[in-house]
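Whole structure, please, built from the sequences with the hints as guidance.
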Amino acid sequence: MPKYELVLLKNMMQPGYTGSLKDYEQTGGYQALRNTLGKVAPTDVTGKVMKSGLRGRGGAGFPTGVKWGFLPKDYQGPRYLCCNADESEPGTFKDRQLMERDPHQVLEGIVLACYAIGAQSAYIYIRGEMVLGSKILEQAIGEARAAGYIGKNILGTGITVDVWVHRGAGAYICGEETALLESLEGKRGLPRVKPPFPATHGLYNKPTVVNNVETLANLPHILTRGPEWFAGIGSPPKSTGTRVFCVSGHVKRPGNYELPMGVTVRELVYEHAGGMRSDKPLKAFIPGGASAPFLTPDHLDVKLDFESVAAAGSMLGSGGVTVMEEGTSMVWAALRLMEFFYHESCGKCSPCREGSSWLVQTMRRIIAKRGQIQDLETLTDLCKNIAGRTVCAFGDAEVSPIMSTLKHWRHEYITLIHEAESANLIRPESTGARH
Amino acid sequence: MPNQTADMVRVTIDGMVVSVPKGTLVIEAARRVGVMIPHFCYHPKLKPDANCRMCLVEVEKMPKLQTACSTPVAEGMSIKTATTVVNDAHKSVLEFILANHPLDCPVCDQGGRCDLQDFSHQYTPTTSRFAETKRIFQKEYFSPLIETQMNRCVQCLRCVRYCDEVMDVKALAPVGRGTMTEIKHFGAHALDCEFCGGCVQICPVGAITSRLSMYEYRPWMLKRADTICGYCGDGCQITVQTKNNQLIEVNSAQGAGRNNGDLCAKGFFGFHATSHPERLTHPLIRRNGALVQATWEEALEFIAAQASRIKQDHGGQAFGGLITSRCTNEELYLFQKFLRLAIGTNNIDSSARYGHMNAVQAMQRVQGTHRWSVTFEDLAAADVLLLVGTNITETNPITGLKIKEAVKKRQAALITIESLQPAVGTISNIANLSEHHFCVAPAQITAAVLGLLKAVVEQGQIDKDLTQRHPQYVTAVTARLQSLSWPEIQAATGMDVAAYVAAAKALAGGKRVVAVAGQGLLRGERGYAGTMNLFDLLLLTGKLDQPGCGLAPLTEENNDQGAIEMGAAAEFLPGPSTITDRAGRDRIANLWKEEPPPNHGASLVEMLDRARAGILKAMFIVGENPLASLPATVRVGESLTKLDLLVCQELFLTETAALAHVVLPVCSSLEKDGTFTNTEGHVQAVRRTVEPAGECCPDWEIFSALSGLMGTPLEYGESREILKEIRSLIPGYGSLGPSPVPTKVERAAIDRYLAQGFESDLAGRYQLTAAVSQPDGTVQVSLVQSLFHSGKLSTRAKGLLQIEERGYLRINPQDAARFSLADGNRVRLSNARGEMTTDVKVVDRVPEGQAWFPNHFSQDLNRLFDCVIDPDTKVPSIRAASVSMVKVS
Amino acid sequence: MLKDKYKDEIAEILSRYPVKRSALIPLLYLAQREQGYITEASMTEIAGLLRLTPSQVYETATFYTMLNLKKVGKFHIQVCKSLMCALVGSDTVIGWMKNKLGITPGETTADGLFTLTAVECLAACGTAPMMQINDDYYERLTEEKVDRILADLKTNGTCPLKSGPYLWPEPANAVKRET
Ligand SMILES: Cc1cc2nc3c(=O)[nH]c(=O)nc-3n(C[C@H](O)[C@H](O)[C@H](O)COP(=O)(O)O)c2cc1C
Ligand code: SF4
Ligand code: FES
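Residue numbers (the numbering used here), protein chains in the order written: chain A, 1 to 435; chain B, 1 to 889; chain C, 1 to 179.
Be careful, since some hints might not be right.
Derived EDC-like pairs: lysine to aspartate or glutamate, alpha-carbon spacing no greater than 16 Å straight-line [to be verified]:
id : chain 1 : residue 1 : chain 2 : residue 2
1  : A       : K384      : B       : D88
2  : A       : K303      : A       : E271
3  : B       : K80       : B       : E60
4  : B       : K505      : B       : E435
5  : A       : K369      : B       : E132
6  : B       : K409      : B       : D383
7  : C       : K20       : A       : E185
8  : A       : K10       : A       : D23
9  : B       : K47       : B       : E28
10 : C       : K70       : C       : E107
11 : C       : K5        : C       : E34
12 : B       : K64       : A       : D396
13 : C       : K74       : C       : D135
14 : B       : K91       : A       : D381
15 : A       : K187      : B       : E165
16 : A       : K135      : C       : D136
17 : B       : K91       : B       : D118
18 : A       : K135      : C       : D135
19 : B       : K80       : B       : E58
20 : B       : K22       : B       : D7
21 : B       : K798      : B       : E28
In case anyone wonders, no lab produced these hints; they're calculated from the structure.
In structure tokens form, the structure reads like this:
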């Protein structure tokens, strides 16, 4: 099995590492902060992050330094950083580990980002269910505050950064950055119409950056070891650094694997995750969380970087890789995800709100063998009419399970419908005409 | 002037090129070239939310379809709204929206004027592909006036957004999430809000409808007529809809009138006063002590005979006339002409005296005009607004919306001097939006104005130009202010120097500053003095004559402004010009072919005194009910019963009318033609929307008939002819166009005031009112407007009675605790003058130590009040009294 | 009244935000902690604290699945049913729960101890099947584990099998951080 240097998970893999401030400092923690605050100009920090090629780990993969650069230069009022710790994308569980096991790494990243963008306040929006994670973070903030890494006049530099943990309360959509801001403002988590973007009108209408936990955790390393080092990892120039891939489903060793971007799915599944659970052939996988279209065994050699996965017709997304073995019903799998999206649609946009319920009901009917062949056309139409027509990217996400399974495993749908038709010959009472 | 071309962008819409201001939304730009882009969630009043996705269009160079409602135009943009792709998108969104829609159009009140119906028709989807079970919401009782049918809801949230963004009420909540989102209100009880009807009006489908007219009509059966609401001085345009001469509903079209289509509960739900079963429908004559039905001939001849006899025996001075300023300009004009010309007296008063006379006198004195120098548009565009004693939501709700617009949409700085605490409640509270709030007792509102003045002077914020041109004014006022001490001001108002300094700084720094004075100031004991001081504030800061700046006193009744301008006051001839003004008298003499009486007339209280003394023998009372609205100390009953002739023109048999010798039934404002002049001075057409009840006729016809019978015929074929005559006195009156051109302040008048005019009462009005001690067990009770009523007429409107059916004493939570009171408890209020019992309501916004009682339910409470008359303006002030309060079981 | 009992905590929560409304979800959590669910009275009180209308509190409260507007059992069992857990047996776990507790998702046991809910992904897909009971995660569920958890909760009100801080792969001598 090829071995790679761990970056984000390195500390926590040390035997006995607790994630306490002491442990973190012993592994060189907060050195980046010491060497940067007041010593490197904020714009240069942004410059370095741009140069590193770091792209957002939350899903969209937007270049982090470029995003920071969108903040108005001459704006005098407050600015905010929001750390997106909502981690709600099914198949994703990396931020949880980063926060629970090495919270100071995240906090150091947060302070560095605040310094770069001129924010004095940062909120960590953590998904409500992660009670443990929020406690660990709060404890760590307390430690860091006591040690002078957080708060007023950090290490005597005159720089102020306050960090608070804000718990969500159960809504996937609040991972979407503008819904997150609405939620943080105490409102319903409905995505905002863009433009304006958070960079100019974010939290409380002030310039704001939203970055994912993993994105921020990379910052201390980039600043300590240099952008060139970071840019040399993975598949430069567009996909640099490592990714913490979350492997779930039918593998022997599901879990988080930090690997350079650009490793193949085959390597991830068969070498790192121990191969298939029951040694059955792999039937399908999702490369980047529930929002990413399903791929097939034909794609096992696709490199896990932004461009390659996109070229294969899916997306790297949040790095959640879910593996399914031969024998799994793809219609069922798509329905399971569709049910998730139906449950989580915020209800703002008509196509998404009404479409998700329509799609779920149709899928349930097909699974229940009450489908009809024209349902497939309806499904396709509905998906097309949702995608690209909504306020946020949820609309695009929710159709990908159905669209991709219809594309690769259409015959499974047809089989169910045929079974439905023949079943109806025997059991006329269960015709699809119940509606 | 902003650079026209730099602020305009050129865009192409479906091949048509149009120039629009930068920032215009695509949907609005399209409308300019006649292209209607289908939409549900878009509304010009609301911030774009782009949730329905119905308005998708193609924008060149953009990969995805864009929502026209949220995309601002950019120079050179090319937009296509009618391509196959766009059409398919519209169809598909409609398909989604219709999927869960119940399609119950046959039983839906919106059927026939429903956006969803219209768009469905336009895109003719043949059959629904949606074969699943439709979502069903549990039917829930919403409120007595508003009905919800959530299965019809398209989740555009226009109602919720309107309730928040425009009204600032925030009563509606989208509850739940996803497809199960429904619009609700909080709590297990019925909806409790401002009942502005905005949600009913703004709902594009039939999800929210009015219960007052439920199932009574199909839109195409209704006859519509535009007129002006008769309740408050805001003067909203309403569209009255009738079916077979039955009032069915009232609404106001988006963009219509000075109200821009917004209404309050009175406008929207208050129209049933007109169709109340107790309306008077026949003339009544007192025979053998009882009022009995008579014919018009009998009644009019009786009056004419009596009046002629009294005139013969005692002269014109034995007559008095009182008219409500709810009448049309034409009626007000003819009333005073009748009294001045046919009877020969200047003993004329109207209800405008209570609420508006102080302001008119102050305006005349300082700026030489008698009306606003600003418009509603100026309020909305102001950058600093000073509200003094307005309680604006309750008193002038639509003017309040302009203030909210300035603050919420344009970030104007709001300074408020109000007897009002910031607190969230079921109706909006202007103090919540205030940046500098001075919560003071009603009697100390003027003290807070003085505090602001003192801060302006001490902070060196006096206009330089003024100091140069009128040093003696500046010196005199400064000296007066210096003699006031901060500790005294602080003791009187409870606000510290820093608060005054901060507010004064904001005020002086403003470019477009409007001061708005309301009944709390204008009707107070020191209403005139306080208004004068407000003028000084605007003068000292150099604002008064600047564009977009001015003083805007709010009128309470719908035609207070018109009543003064029509000369329905002892001291004013039409114009108005003062009774002694030579030019004014000549103009009138010219037109009337006779001089109006020369001597000073009596105001209402003076008339009543004279009646009691037996000097005044006859009174014409039109639409007023002094017996019920004046405190007992004025002894109205005693005066009226002494009269030889009391004629009342009324819609209902009021307490006063019950004492009359003759009662004449008259039209409500929905039953007649004419004009009203709203608070900003805009003259608007009032139209007959239903046939009069019974034999009712417009008030002016009565004056016209009586004058004929008395030998001085004032003949007019219709009210327009009276308006024509008014216009010959006041050129242009009533044809001011869609938005009023405000009268400019007269520089010469201002100079006169600054040179000398300011002096006469300077000492008096630059004085603090001693803070009254509040003995244990007492509260300061004051009469206030309620949002849901206006005068006594509204208490006959069944819709409004469902919201507020009687008067409650509203008290502060601390006082409630102090007196061990809770909602619904009964209390006895008493003072040296008398006592009454009532129920209490605990309301956070009432300041501690105070208690509010709605003045349209105040008959019993009036006993407890004293009446103080302003020596300069004769305005009776009857608003506050100290009473002890005890709980009764 | 929350504001009497939790004066300092409320003040601390309010101090975190420049705009009061942001404290809404934290205060709703406080109310839920106090009574097990969010009552109308507490929504009204919170509205007062934040200068909101009760409707504004209500609309937010009903958007989030973790805020209960109805009473739930002492132990709220939430079994993840999303695809990743379903692939490795979450439906079976729900089946066990139904058998052992005699309730279906959405119901509460007669003794008021357990409420069962089937929920969407809780970000523990690598350790599926999993569930959350009140604040704690329980992962890699087996039938024996479930039995032990339910028994422990009934008798002790807590169970040592709760998991976290999450680490994978687990080094031989990983140390748990005390919280
Ligand atoms: C429906 C939806 C859900 C999302 N959920 C998450 C999430 O749980 N965590 C996250 O970090 N980003 C999530 N995102 C992405 C965020 O919108 C945003 O792109 C990200 O926080 C930016 O941070 P990054 O640039 O560091 O990735 C989501 C996006 C969408 C459209
Ligand atoms: S009462 Fe006043 S605010 Fe209300 S609708 Fe009538 S004119 Fe407008
Ligand atoms: S009108 Fe544009 S999205 Fe609704």
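- Are the Cα positions of K5(C) and E34(C) separated by 16 Å at most? holds, 10 Å
- CA of K409(B) to CA of D383(B), is that 16 Å or under? This hinted pair holds, its Cα atoms lying about 11 Å apart.
- Query: CA of K135(A) to CA of D136(C), is that 16 Å or under?
  - Reply: Answer holds: K135(A) to D136(C) is near 12 Å, not above 16 Å.
- Query: Does the structure keep K135(A) and D135(C) at a Cα separation of 16 Å or less?
  - Reply: Holds: K135(A) and D135(C) sit about 11 Å apart, inside 16 Å.
- Would you check the hint for K505(B) and E435(B), treating anything up to 16 Å between C-alpha atoms as holding? Holds. K505(B) to E435(B) sits at ~12 Å (cutoff 16 Å).
- Message: What's the verdict on K80(B) and E60(B), does the C-alpha distance respect the 16 Å limit or exceed it?
- Response: holds, 8 Å
- Message: Can you confirm whether the C-alpha distance between K187(A) and E165(B) stays at or below 16 Å?
- Response: holds, 15 Å
- Query: Can the restraint linking K47(B) and E28(B) be considered satisfied, given a maximum Cα separation of 16 Å?
  - Reply: holds, 13 Å
- Task: Quickly compare the C-alpha distance for K20(C) and E185(A) to 16 Å and report which way the hint goes.
- Result: Distance ~8 Å between K20(C) and E185(A) Cα, so the pair holds.
- K64(B) paired with D396(A) [C-alpha distance capped at 16 Å]: holds, 12 Å
- Message: Given the hinted pair K80(B) and E58(B), is their Cα-Cα distance within 16 Å?
- Response: holds, 5 Å
- Task: Could you grab the alpha-carbon distance between K303(A) and E271(A) and see if it respects the 16 Å cut-off?
- Result: Within the cut-off at roughly 14 Å; holds.
Against the hints set out earlier in the document, a violation occurs for number 21 only.
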